[in-house]
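Chemist: Protein chains in written order, with the numbering used here: chain C, 1 to 241; chain R, 1 to 325; chain F, 1 to 304.
The set of hints was computed from the structure by calculation and includes no laboratory data. Keep in mind that this is a model prediction, so the values were computed, not measured. Heads up, some of the hints might be wrong.
Claimed, not checked - In silico contact screen, one side only, chain C against chain R (beta carbon under 8 Å); selected entries:
(1) CYS74
(2) PHE82
(3) ILE84
(4) ASN90
(5) LEU91
(6) GLY94
(7) ILE99
(8) ARG147
What the hints assert, rightly or not - Derived CB-CB ranges, DEER-like:
(9) C:VAL137 <-> R:GLU178: 24 to 32 Å
(10) C:ASP54 <-> R:ALA168: 51 to 59 Å
(11) C:THR125 <-> R:THR321: 21 to 29 Å
Yeah, the Cβ is synthetic: ideal placement off N, Cα and C, and Gly gets one too.
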Amino acid sequence: MLTLERVSKHFGGLTAVREVSLEVRAGDLLGIIGPNGAGKTTLFNVIAGYYRPDGGRVLLDGRDVAGQPPHAICRLGLTRTFQIVKPFGNLSVGDNVMIGALNRLRSVRAARVEAERVIETCGLTAQAGAPAKTLPVGLRKRLEVARALATRPRLLLLDEVMAGLNPAELAGIIELIRRLHADGLTLIVIEHIMAAMMRLAQRIVVLHHGETIAEGTPAEITRDRRVVDAYLGEEFVLAQA
Amino acid sequence: MAAALRGRAGALAFFAVAAAVPLAVRDQFFLDTLILILLWGALSAAWNVAGGYAGQVSLGHSAFFGIGAYSAALLSARYGQSPWIGMLIGMVLSVGAGLIIGYLSNRLRGPYFALSTIAFSQVLLIVASRWRGFTAGSEGIPVPFRPGFATLGLGHVAWAYLALALAALFYGIQVYLERSRVGYQLAGVREDEDAAEALGIPSRRLKVIAVTASAALTSVCGTLWAQYVGFVDPFYVFSVDLSIRFALNAIIGGLGTALGPWLGSILITALETYLRATFSGMKTGFAGIYLVIYGVALILVVRFVPEGLAGVAARLRARWTRAHA
Amino acid sequence: MDSARRLGPAQIGVLAQLGVSTVLLGGIYALIAVGLTLIFGIMRVVNFAHGEFLMLGMYLAFWAFSAYAVDPYVVLFVSIPIFFGVGLVTYALVMRGVIHASHNVQIFTTVGLSTALQNVALVLWTGDFRIVRPWHSSVVIRFADTAFNLSQVVAFLIAVALTVALFAFMKWTHTGRVMRATAQDGDAATLMGIDTDRVYRLTFAIGIAAVGAAGVLVAPLYAVYPTAGLQFVLLAYVVVVLGGLGDMVGAMLGSLIVAAVEVIGSYLFGVAWKEVLYFVLFIAVLAFRPAGLFGQRGAETLGA
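Chain C extracted, bound-state conformation (with noise of 0.2 Å):
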């Protein structure tokens, strides 16, 4: 479904992604892990058509969406989450999500239905009349899964869904991750804990300094000499996992 070849993106003098390729196959979930600054959220703009590649092809579907604007990748179905959640503040939980819905569906009361439907699977129900900006911080990210969701997309981007939530917050999120997966849904999710993702994804790609360095099922992760240096200094987040 998504296919990266060899993608590159600079900054300056300075290299976020260097020469990245993977391919994520319709059914896939897939986990990004790495230490901060190792060029995860930079791969996902790039995916996502925030910027642009200084090199290397992005293949949705076969096609080369490389320099495509953000809202028409979002159109052929893929679509992203931000790490830093960036809800519409002073507009409703339900407004929020119903815009989401208006990618798909002309009329604003379609996606009215389609929005209600959205919030009752993500659990937002009781705050769907609430100004986004008075939600807490667990329920924004949720809020952020549910925009993204009523765009209804074939391939989903999660950019740390998971951070900064409380346990029992983080159990609901993996929950709702799982079951959109079992739904069909096709996930690529960045995670710096590594712990989360163990118990999440099929398959994991490490990035580190902009590179690949990694990449297998969690449990040929946990074994890999590179990934364990990569962590180095971050053992007990290793060791939970």
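Starting from the structure of chain C, add chains R and F where the hints point.
Modeler: Relative to the frame of chain C, chains R and F by itself:
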């Protein structure tokens, strides 16, 4: 129908009163005030499309007002053409200028967009006031009065209904921006462009469309205003004060609300009319005091009542409903 | 090469005149812009009323000169503490409440302030163009093939002295370092125990004192009227954007560039159209070079 009217009772009352006044009152002073309230409100509504709904705060909208005013005035004064044709030409020119400003809105954010719009209107001011051969320069041009609808030589009652029709049309455009697909998408762009893009919204295109539409609507008002007042002075029609006034009505009334521009206009126009009557002896004194008050009002409103009169009304209504529930 | 050969003494004279004019004008623009870039760099507030303080400085000079025959250069010494105080009061009454507000709120607040100040001036002094003509504005200095009036030269020298003093203050005093630290990261500064409110108050007062002094200095050179600040403030923004926002050295280089455009533009197209030239330049710079010519941080970081 009932759903469509919910929360629109205030607007309905306002337009009903505005429609009834010319039937009951023939006093020119009152009619003049009514016409100005409606026209200034329409101008702020036009500004609101870009500044309120799309979040693109322009302080150079007098550029489009001036284009509309000059197009019709020059065409009728020099070539004896109908101001309606001038209105159309003004709209076309304003769409062109609006595309430039819309392009800038995609390159610049916040204060820098506002500054670039000021610079844009200043360029037009200099051109209009220095290009003597064509625009009559800084002396301005009188608009000939030829009775009839085709030439917009109308009496006060006819002007009142024309202004009312314009106000109702602009109100309707804003309601559309609140309830339609494109309106909601625009709200998303206003709140967060990156997030809007991720939801499949072409944010850049929508901003350009909003700014350009706002420009064309402003130009229409400029034409009507020039025909009503009968004189076009470049230092007035292209002034920064005028641009600020468009914003001011909308902010006082409630940024990004449909009725807000007229609520603000009632307050500001009434204040202006009152001060004009009180200080009629001293010309600069009057303009000065009036503008000092509106500068201070702007500072106070954004600080203490950022949701404007419409927001305050909504809050009071909510409290009332809760108390009687 | 043809044009080079045709460069006779007359042309060289013109070039020298244009060059010196550019430097003289650039020095004054630097003083206007440096206060603006200081306020922007440290407070992250775009002050739309900046030009009005310049206008008030010009009126102060006019009033002192016409009522008491006090020379603008004497007024200058009084104007610095006066405008410092005006800055403190303005900060307390107007700016303090919106320093953490959205850009739109800051725009409207400073625009409201600008409108109010312009029209206070209109009520007090009417819309007439007022001119200050002290003796030195009619003294012509000839140097080689160039000619300038004394006011221009003195204004330049004082403006440069004040700008350098401000620069030194920012660079070498403790308070200056604290201000620069706050500019880097307001939140971090707060965590380190810096009283940011005090820093902002001081910054605003210094910025206003600088532009007020600039107003007094330019009074003998330009007519003053209530909206005189507008052309200068747009100009100052061109300078600040060209030089990179918050960059004081950049502001000085930007001043020279803008002055060059103005001087050469007036020479080629006539004074009447020079404003069109720099407004167009302004829009073009914002649209195509928002990060400035030398700076990293630019207009696009604002609100991003």
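Chemist: All hints, please: hold or fail.
Modeler: Now the hints, each set against the structure:
1. CYS74: holds, 4 Å
2. PHE82: holds, 7 Å
3. ILE84: Hint violated; C:ILE84 Cβ to chain R Cβ min 10 Å, cut 8 Å.
4. ASN90: The hint holds - C:ASN90 has a Cβ within 8 Å of chain R, the shortest such distance being about 6 Å.
5. LEU91: holds, 6 Å
6. GLY94: This hint is violated: C:GLY94 lies away from chain R, its Cβ roughly 11 Å from the closest one there, beyond 8 Å.
7. ILE99: holds, 5 Å
8. ARG147: holds, 6 Å
9. C:VAL137 <-> R:GLU178: 24 to 32 Å: Once the Cβ atoms are compared, 30 Å apart, the range 24 to 32 Å for R:GLU178 and C:VAL137 holds.
10. C:ASP54 <-> R:ALA168: 51 to 59 Å: holds, 54 Å
11. C:THR125 <-> R:THR321: 21 to 29 Å: Cβ of C:THR125 to Cβ of R:THR321: about 23 Å, so the range 21 to 29 Å holds.
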